[in-house]
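The hints should help you fit chain U onto chain A, whose structure is shown.
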Amino acid sequence: MNYIGEHLLPGQLGHFFIVLAFVSSLVATFAFSKAANSVDPADEKRWKRLARISFGIDFLSVFFVFGTLYYIISAHYFEYFYAWNHSNRSLDTSYLLSCIWEGQEGSFLLWTMWHGVIGMLIMARGSKWEAPVMAVISFAQICLATMIIGLYFGDVFIGSNPFLLVREKFADAPVFARPDYLSLAQMQDGQGLNQLLQNYWMVIHPPILFLGFASTIVPFAFAIAGLWKKDFGGWTRQALPWSLFSAGILGLGIMMGAAWAYESLTFGGYWAWDPVENASLVPWLVLVAGIHTQLIFNATGHSLRATYVFFILGFSLVLYSTFLTRSGVLGDSSVHAFTDLGMNTQLLIFMLIFVLPAFALYASRFKFIPHIKKEEETSSREFWMFIGALVLFLSAAVITWQTSFNPIYNKITGQSTAAPEDVEFSFNKIQVFVAIVIALLTAVTQYLKYKKSTKEQWIKKILVPTVITAAITVTFFVVSGLEYDKKGPGFQAAIYLAFFASVYAVVANAAYIWAGLQGKLKAAGASIAHVGFGLSLVGILISASNRKVLSHNTTGINLKFDERSKEKPLENLTLIKGLATDMGAYWATYQNSDSTSKSGTISYYRVDMMKKDSSESFTLYPNLIRNTKGQEGFSNNPDSRHYWNRDIFSYITYADNMDNREDTTQFVNHSLKVNDTVYYSNGFFILNKVVPNPSNDKYQFSPTDTALMADITVFSKEGTQYAARPVFYVKDNEARYMLDTVFAQNIALGFSRVLENQQIELQVKESSRMVPFISLKVYEFPHINILWIGIILMTVGFGMSVVYRSRQGRLKAINKQKQAA
Amino acid sequence: MKKTHIIILIFIALAIAVLISFMGDLTTYDTVASARQKEGKFVHLIAKLDKSQPVNYDPIKNPNYMQFTAVDTLGHSTLVIYHNAKPTDFEKSERLVLKGSMKDGKFECKEMLMKCPSKYKDDVNANRNNLSAN
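Chains as they are written, first to last, in the working numbering: chain A, 1029 to 1849; chain U, 136 to 269.
Worth double-checking, as some hints may not be accurate.
[To be verified] Just some of the chain A residues that point at chain U, by a computed CB distance under 10 Å:
1) 1403
2) 1406
3) 1418
4) 1429
5) 1430
6) 1453
7) 1454
8) 1601
9) 1710
10) 1801
[Unchecked claim] Simulated DEER-style distance windows between Cβ atoms:
11) U/137 with A/1547: 36 to 46 Å
12) A/1261 with U/137: 12 to 22 Å
13) A/1521 with U/209: 41 to 51 Å
14) U/145 with A/1513: 26 to 36 Å
Simulated from the structure, these hints should not be mistaken for laboratory data. Bear in mind that the values here come from a model prediction, so they are computed numbers and not experimental data. The beta-carbon is built from N, C-alpha and C at its ideal position, and this holds for glycine as well.
Only chain A is shown next, with the shape it has when bound in the complex:
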């Protein structure tokens, strides 16, 4: 059939380039391997030439594929499944890129593009390591190309092609019987982008994170090259800037994800030990361990074997995390989770094809890897650095175990084990000790010298930072303190110890820039990164321990409804429109709500906050975003008021107009006598009696007034009974009445008139919306900015080290050449 209006050319070109990328990376892998193994320099040159050209073609191909996909999405060619499934017309141009990485194919594409860029840089640099390192990277490019190649062999398929057409995806759908299916309404617009991803962090976080993931292959590839070429220690200096770069970018990418979670998710924080978060943290920990052993080796010749393990493991863990987060094995335990594309086997092969040969090679070469028989001195820097690396590695191992034990164990044994009761605490109680040890080592180790240091000198240098840190800790303890005592005094003490250690890391490393490096800032990258790391820990400890719930339900009167409420954390507070409500130090007033976004999918709720002493007032706009993609309901999007020393963080937990129904219901009049029954949608009510001039807990009329109260019992279908007591009275010669509302049944009753024959007129209104209100959660995160500043400093420190170390490496190479000449 000839379909009308399809644009098939971009898709065909795009797929052609995927195939080209696959073939060229295949050729590049083969040619680089040949070049790496050749003995004859002329031979090597020929192979290398072919390899470089092939890799160049691969590089251009993957960029072309990416560009084509972007073009299809931005031109709104909804005949393509990717555009149809991940974008729509109303999307802001700035979020079009996010559409690409909403799907798995797009994120694989991002990954392979970064490999391309990294490969080009390594080739530009050119060295004797180029061929074996590039052979490994090219091999990874083959694997990644298969992820998006989309080849079908009967029922078995390899990869998922991002250029699939909708009619190919849903071949059996009846609409495709028509040649003009594109003119149908459901093909005129796409499904849109998941609302949670329509956030500026989601434009930049994935590329940075994937650059981090992609760059972990470089230290891995160097390690493999070292084993392959049996030049075991020759690569470590050249690889150092790369491993520093990788750790810096991966760390930044992870924390950008944390910032996104903090700003647009509602688990009330930036870190939840979610499997997806852990999966990216673990490679980072191992990579950082590897950098430290690499430095030890460069300076002393120790720890080369450990360096191999850490770098091989770093990349392996990236592959493992890819498998874990994309295969759907995590099931219920994660909030993230990609769509399961049914590529589990392929993902498993992708992981094993690297991990098994790499460790086999390592095992077979293990005894040739040089190591120093003599042990490190206890007073040496390398000894304590190695201990630190070991602790980081164990921390990574424990996190991996805790994250992946349940899904894997259940899969194998068919058991039904589940996460611990308090998941976050099960991580925190272990990692707080890791933080203590690592932060202490970070503080003191720089002051030790490689090989051997004298005790007196070390003590002399470390004394001042130690005293300053002790002073800061004591001051902090007195002025503010850490209030987290939920888990007992033992854990609180551990937090304090961690606080001391983290401050120590900050102070000692800042001081080291002057004491150890004489203020040479160029060489201070490591110190600055350590200061940033310490600050991040300080920020985490304060903001997490001293997080306060401001929206405690303090009204008290409501609690009778639920006897056991007192022992539960009552973190939601209901604000009735226009009514100032007591919220700790503030009066909170819900003013109004309106939709301001272009497509009307976002409803903003204006909440005015005023300090009780009127010293300050501000407005929060927490909002609800209507879900797209055929999903029902809303996602709640927090809003924060930022101060230099704290954030007031709020989000909506319930809003009465979530269904966006207009309240058009009218009152219905009933005439009834005592003991008459009236039915409403969820039950009935009976007029028990009419009480003249009632004086009770609700009304205080005196015998001289003219007032009548209808005593009504409402019986709901569920068997619950409610009392309703609307009143009719005369005041200033005017008949008036007061409604009584049974909120639980959403009915309002009014005693509007006295009729003849002892009848009264009762007005009844049923509505799901009696009073506009919202339920809100408000937290205070103190000193969260310390965390963000720490992360920025750490990234800057890594960057400075990359520059410094690669310059150092180049100078060394030049000196060597001079000596040779």
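Chain U only, in chain A's frame:
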């Protein structure tokens, strides 16, 4: 024996101790019947909302109290009390993972995960339906 080796051994011992204690903290996925047998013990109850029974949530009276009936795949049901706000689209959920424990015949829920039709995993199928709807 080198001191590095001793330290490594100590660390490994610590790691094993930590992992064993982690195993002790693990809980289980349960049905209503098996959760009843473990009254007071923290479990993950897999069930769905019994839509024939009312969902009681009145945020004006108390935004931190919600009560509903959950029924599991075997047809057993229990009253659930949840001390938090009602999640959006709770009534439309297809599956619930309720974390908490049985207490006096009622399930005290501390935290719940909802699986809605067409959330995450199933969105392709939902989209297929969108396509066929005209």
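Do the beta carbons of residue 1521 of chain A and residue 209 of chain U sit within 41 to 51 Å of each other?
holds, 46 Å
Checking hints one by one. Is residue 1801 of chain A an interface residue toward chain U, by the C-beta closer than 10 Å rule?
Cβ of residue 1801 of chain A sits 6 Å from chain U, so the hint holds.
The hint names residue 1453 of chain A as touching chain U; please verify it with the least Cβ-Cβ distance against 10 Å.
holds, 9 Å
Could you check the hint for me, namely that residue 1261 of chain A and residue 137 of chain U are 12 to 22 Å apart, CB to CB?
Roughly 21 Å apart at Cβ, these two residues keep to the hinted range, so it holds.
Classify the hint on residue 1454 of chain A as holds or violated, based on whether any CB of chain U lies nearer than 10 Å to its CB.
holds, 6 Å
So, residue 1710 of chain A near chain U? Judge it on the closest CB pair being under 10 Å.
holds, 8 Å
With a cut-off of 10 Å on the beta carbons, see whether residue 1601 of chain A makes it to chain U.
holds, 7 Å
Status of the residue 1406 of chain A interface restraint (C-beta, 10 Å, chain U):
holds, 7 Å
Once the shortest beta carbon distance from residue 1418 of chain A to chain U is found, is it less than 10 Å?
Holds, about 6 Å.
Close enough to count: is the Cβ of residue 1403 of chain A nearer than 10 Å to one in chain U?
holds, 5 Å
Honestly, do residue 145 of chain U and residue 1513 of chain A meet the 26 to 36 Å range at C-beta?
holds, 30 Å
With a cut-off of 10 Å on the beta carbons, see whether residue 1429 of chain A makes it to chain U.
holds, 6 Å
Of the numbered hints given earlier, the model fails none.
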